[in-house]
Amino acid sequence: MATTTIDPVNERGGLRRRISRVLYQRPRLRLALLLGGPLTWLVVAYLGSLVALLVTSLYHYQDDPTGLVQRLVTSPSTTNYQRVLDTDVYRTVAFRTIGAALSVTVIDLLIAVPVAFYMAKLAGPWVRRALVVAVTMPLWAGYLVKGYAWRAMLDPAGGVLHEVFGHSPGFGVSGTVVTLSYLWLPYMIIPIYAGLERLPNSLLEASTDLGAKAGRTFVRVVLPQIRPSIVAGSIFTFALTLGDFYMAQIVGGTTQFIGNVVYREFSANLPFAAAYATLPIVIMIVYLSAARSSGALEEL
Amino acid sequence: MYVSRAARYLLATFTALVLLVLYFPILYIARLSINKARSYAWPPQGFTLEWWRAASHASGPRDALFRSLETALLASAIALLLGTLASFALTRHRFFGRNAVSFIAVLPIALPGIVTGIALNSGYHRVGINLSLFTLVVAHATFCIVIVYNNVAARLRRLSPSLEEASADLGADVFQTFGYITFPLMRSALLAGALLAFALSFDEIVVTTFTAGAGFETLPLWIFNNMFRPNNLPLVNVVATVVVVLSIIPVYLAQRLSDGAVGVSGR
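Line order of the protein sequences matches chains A and B. Under the numbering used here, think of the first position of the first sequence as 1, with each following residue one higher. Under the numbering used here, think of the first position of the second sequence as 301, with each following residue one higher.
Just so you know, the hints here were simulated from the structure itself, not pulled from any lab data. There is no bait here: all hints are sound.
Label pairs and their in silico Cβ distance ranges: (1) A:219 <-> B:483: 46 to 54 Å; (2) A:102 <-> B:434: 32 to 40 Å; (3) A:72 <-> B:331: 45 to 53 Å; (4) A:102 <-> B:348: 38 to 46 Å; (5) B:468 <-> A:51: 40 to 48 Å.
Selected chain A positions facing chain B (in silico; Cβ < 8 Å): (6) 37; (7) 134; (8) 153; (9) 245.
We treat Cβ as the ideally placed atom computed from N, Cα and C, and that holds for glycine.
Let's have the full structure, built from the sequences with the hints guiding it.
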């Protein structure tokens with residue numbers, strides 16, 4: 001029997017109604033229309049470029065038989081990667097950068113946990129809101145300006161730190177670590193604050209009722225619960241430090257990080273720069289996949 | 301959890317100190333922009349508006365300001381469109397590869413800026429596109445998409461689908477439901493996302509270094525190119541103050557629009 005049902009809504013109207021009905025009845029089509037643009041953009045512009053970079057890293061320059069010019073060899077080889085592994089300087093720079101990224105992460109963690117705890121659990125509602133805004137705002141403004149400000153403050157000749165406290169780390173690795181810790185601190189505070197805010201107070205009260213002192217409650221109850229938030233924060237502090245090269249230029253004196261080498265080689269020897277830049281990519285992919293299992297990516 | 305009075309005061313003092321350290325460098329530069337002395341040495345000496353006057357007449361910073369505004373407006377417009385589409389797709393649909401898509405969207409801000417920068421640079425190079433305003437806008441839009449996405453997706457997740465179902469039950473078509481129901485409910489999230497994308501683009505320098513054409517100096521690039529010239533420091537102080545103010549205003553507005561909770565990636 002042919003269906004004779006009359007749908008009062010769908011039978012009315014013109015083209016728009018018909019398009020609407022098609023869209024309504026076909027979620028797959030809807031999805032394709034929604035996802036097509038952004039996905040094409042991300043895959044073509046971004047993933048395509050990343051792949052191009054990886055392919056470039058397999059090229060290398062070779063001395064021309066005349067010895068006067070260098071020739072780009074485009075048959076894939078691991079020459080550049082070999083050079084990274086075999087050259088002392090590149091290894092040292094890599095370890096220095098990873099060390100700086102770890103230091104910045106630990107410093108920010110030690111500062112962020114007490115601040116986030118105060119914000120989420122001790123401050124009154126009004127103070128809490130104000131603090132969230134106050135901590136978040138500097139995160140979005142003036143990356144370079146802040147680097148410049150720290151240059152002014154760290155300067156051993158007349159900078160604030162030297163004039164007021166009598167000591168400045170000066171321009172070097174420690175100056176860069178201080179500046180980077182300053183820059184990325186809000187990235188650590190905000191996720192930890194969010195994690196603590198979600199943590200029910202009743203959990204903490206239960207721990208107290210069962211006889212745990214504040215310290216024990218913190219270590220045994222609070223820390224395990226906010227671990228994903230801590231990992232989320234550390235993704236930012238670690239990744240941002242790993243790739244940074246402006247701050248080493250501004251407050252680092254002659255300090256070289258991975259980014260500085262990549263930046264220098266970029267115009268001279270792009271394939272090598274590309275190979276060296278895969279180092280932070282590999283480190284971050286390992287870091288991100290480890291973080292995924294702890295549920296930290298949901299916190300980003 | 302019982303926290304003793306002493307510990308409370310200690311934590312409050314510590315938080316206050318951290319805030320002081322967070323804001324001091326920015327305020328110090330603002331103070332230096334009206335400093336009589338040319339150097340950035342402590343303590344600041346005297347007051348003058350001379351540098352602000354000089355900066356308003358200098359063509360370098362003004363050109364850089366327009367370029368930064370142009371880039372940020374275009375990039376945030378593109379990011380607003382693509383990020384919104386992506387957030388609808390990923391919050392309203394379950395499909396194979398959904399996790400992979402959200403992973404790709406986060407990559408441009410999870411990977412170091414220098415990687416994104418030289419990847420895009422060599423990508424452009426490979427297909428033979430010369431660096432220009434276009435390449436810079438494409439680059440900025442790429443890392444701004446996730447900011448809009450996070451903001452809009454957070455709102456969509458809170459939005460009950462029953463409102464839209466009710467609208468459809470009452471006879472509205474897909475477009476009417478979007479226009480009368482969905483869009484008004486998420487307008488502020490869209491605006492907040494766009495504002496944050498604008499601020500992020502306006503302030504960006506790393507990706508910019510690799511994707512802006514030669515001689516295309518945005519404000520952050522102008523600051524970097526001049527901060528090592530002692531004679532230009534007073535101008536740098538003024539420009540730096542302007543950059544901070546121009547990127548903090550949209551962030552503040554975005555905070556207000558999204559009920560005070562703008563996270564690290566715009567959520």
